[in-house]
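Working from the sequences, and respecting the hints, build out all of it.
First to last, the sequence lines map onto chains A and D. Quick note: the first sequence uses the numbering used here, first residue 1, plus one each step. Quick note: the second sequence uses the numbering used here, first residue 359, plus one each step.
Please note: incorrect hints may appear among the correct ones.
[Unchecked claim] No more than 20 Å apart at the CA atoms, straight line, and that leaves these computed lysine to any residue pairs for SDA-like:
1. K217(A) / V410(D)
2. K333(A) / D504(D)
3. K329(A) / Q501(D)
4. K333(A) / R18(A)
5. K217(A) / G429(D)
6. K481(D) / A187(A)
7. K328(A) / L28(A)
8. K217(A) / R463(D)
9. K217(A) / G435(D)
10. K328(A) / L454(D)
11. K421(D) / T395(D)
12. K217(A) / A467(D)
13. K290(A) / F42(A)
14. K328(A) / E20(A)
15. K481(D) / L15(A)
16. K333(A) / E319(A)
17. K329(A) / F318(A)
18. K217(A) / T468(D)
19. K217(A) / R432(D)
20. K329(A) / T506(D)
21. K329(A) / S508(D)
22. K217(A) / A470(D)
23. K421(D) / A383(D)
24. K329(A) / S452(D)
25. K333(A) / F25(A)
26. K378(D) / I589(D)
27. K378(D) / V410(D)
28. K217(A) / L428(D)
29. K329(A) / R503(D)
No lab work stands behind these hints, which were simulated from the structure alone. Computed from a predicted structure; not experimentally measured.
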Amino acid sequence: MHYDFKTSYSQDVGLFPRTENRVFFAALAVLLLAAPLVLSNFYITEFTGIFIFAIIVVGYMLAAGMAGLISLGHAAFVGIGAYTHALAVEAGWPFLMALAAAASVSAVFGFVLAVLSLRLSGLYLGVATLIFGLAVEHVLTAWDAVTGGAEGLLVGSPVIFGFDLSGYTAFYYLSLVALAFVIWIAANLMRSATGKALIAIRDSEPAAQSLGVNLIKLKVLAFTLSGAVTGFGGAFLAHRVGFLTPEGFNIMMSLQIVLAAVIGGLGSIAGAVMGAVLIGFIPEIVSTVKSVLPQSLAYQPGPDLLIYGGLLAVFVMFEPLGLYGRWKKLEAKLRTFPMDRKETFVRTRTYMKSERAR
Amino acid sequence: MSLLSTHNLTRQFGGVAAVKGVSMAVEPGDIFAIIGTNGAGKTTLINVISGVFPPSSGTVGFKGADITGLGADRVAGRGLARTFQNIELFEHASVLDNLLLGRYRHRRATLAEELLFLPRARKEALAFRESVEEVIEYLELEQWRDSTVSNLPYGIRKQVELGRALASAPELLILDEPASGLTPEETADLAYLIRDMARNRGMTVVMIEHDMGLVGGVADHVMAMNSGEVIAEGSAAHVQSHPAVLDCYLGTQAA
Ligand SMILES: Nc1ncnc2c1ncn2[C@@H]1O[C@H](COP(=O)(O)OP(=O)(O)O)[C@@H](O)[C@H]1O
Ligand SMILES: [Mg+2]
Chain A
1 MHYDFKTSYS QDVGLFPRTE NRVFFAALAV LLLAAPLVLS NFYITEFTGI FIFAIIVVGY
61 MLAAGMAGLI SLGHAAFVGI GAYTHALAVE AGWPFLMALA AAASVSAVFG FVLAVLSLRL
121 SGLYLGVATL IFGLAVEHVL TAWDAVTGGA EGLLVGSPVI FGFDLSGYTA FYYLSLVALA
181 FVIWIAANLM RSATGKALIA IRDSEPAAQS LGVNLIKLKV LAFTLSGAVT GFGGAFLAHR
241 VGFLTPEGFN IMMSLQIVLA AVIGGLGSIA GAVMGAVLIG FIPEIVSTVK SVLPQSLAYQ
301 PGPDLLIYGG LLAVFVMFEP LGLYGRWKKL EAKLRTFPMD RKETFVRTRT YMKSERAR
Chain D
359 MSLLSTHNLT RQFGGVAAVK GVSMAVEPGD IFAIIGTNGA GKTTLINVIS GVFPPSSGTV
419 GFKGADITGL GADRVAGRGL ARTFQNIELF EHASVLDNLL LGRYRHRRAT LAEELLFLPR
479 ARKEALAFRE SVEEVIEYLE LEQWRDSTVS NLPYGIRKQV ELGRALASAP ELLILDEPAS
539 GLTPEETADL AYLIRDMARN RGMTVVMIEH DMGLVGGVAD HVMAMNSGEV IAEGSAAHVQ
599 SHPAVLDCYL GTQAA
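Structure below.
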């Protein structure tokens, strides 16, 4: 058995319960803040994209991982956020207001989708959200007077208080701050009663209700918040890609979001970020692999899909708790080193209470 | 006045009445046991009382108010907590989070305060954590605090479910077969806890139970059911020796 030693209740409520956590996150912050000094523009942009994707996956996690409402059409929220933001910027709205508009409009769509699919769960909810995703993509194409349709929509520069932040490095920092903000909000939610109620409706609806949780309200809330955060990420993605087309928000993107959440570990914010990092680097890995493959193999279509599918299979089979689950085990092992033993992670035998340690 | 009362409560599934015209009254501070063979309608009765589904007819009163047809979440909000015959826990959450959910109905912070973790949300999280610790000590769950529920042995899971109900600080606690699957020693502990909750902690307890030793040992009032109807009521000794009860337990159909 592994025990976690704590000395104060605030450790269970705080974001960084242990000194190691604090040291780790401080080091990570320093690294990420210093990275643009040494990275090439290519990698700065690459990292920026991953921060933004992480925002999107955290948004997805609120509904899918926490509340158990698996959506297969989350790219729609990204698209709604991206287009709303781009249009607002085009209309001359200040950046922060446009951002708020993107989050709000996506939240409204999350709300409506939740109300429409209240009675659905599991596979049926998946199909409903899939259709929602297709519908939004279709509307974005068909409504060309506003969205530019298939021709696309040019996205203005992010300008905050007169400062143009569209440079590689400036936008890197802007996205990093946005990600930190979203993680902070999500972590706050999860240490509060409402966040725990999301977990409750995921694991047992009757029990949740028996404790005073209003299922309908919580499900709607989960989708609304998830929509807001995902759309918020979409607004940043708009700047990252610079030019929006509806097919940028297709099923493939929805699947990438689902994959990142599953591979990272459903139900944890850290998992969302880890999954986003892994999935975000896959195109990079693919092109590296391609460059060493013989020509005939390298230009076969669909290696990405193969890798995504393979990764999913590997994780489902060997580490259903995802990257985060693996990390937790490693962390506990390091903390108890060199006293750790293999048995620490062997499932505890099921003792009767009479055999319990007193 | 009774804390909980039902009047002519009936619940039908299709054409079959699982509960038929049950009227009962539970006095504050009492330990009220419901006994009866499998399929007698005991679980259905408490499902209707706790708002899992509405009655087909009849009324439920709790703390002087009519709560007939109120949803389970709203009934819980009024101070009724329950456990389930087949343990219903939040499997992928820690024991701590399970217990913390017991506090849910007491939350006061708004969503905005929670999202920004403003002082009221922080204070509330700390206060919840503290009151949950009392339950952990009371039920001796210290060593399982951070364990994920799905990894726990059966007896502990039952304790956690009881703890979660206790954490909500209910006025009325309804237990559906709390001793089923427990060892005799665990059952003895449970008897002590139930008595302590009713005598010293101001709770009223309604429990469905098959273990007649436990019922005889703790219950102030026993109600026996068969085929959805009340067939006997009174002290444990009275109900246990009631001919109708003996009939259905011994399976004889004597007149
Ligand atoms: N949700 C339900 N739908 C249909 N029939 C049910 C439902 N719940 C209980 N019943 C039926 O009601 C009767 C009483 O069941 P129950 O209340 O669980 O009995 P007990 O708890 O006394 O063993 C049984 O015949 C059972 O099949
Ligand atoms: Mg039953």
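Failing hints, ascending?
Result: hint 11 breaks, nothing else.
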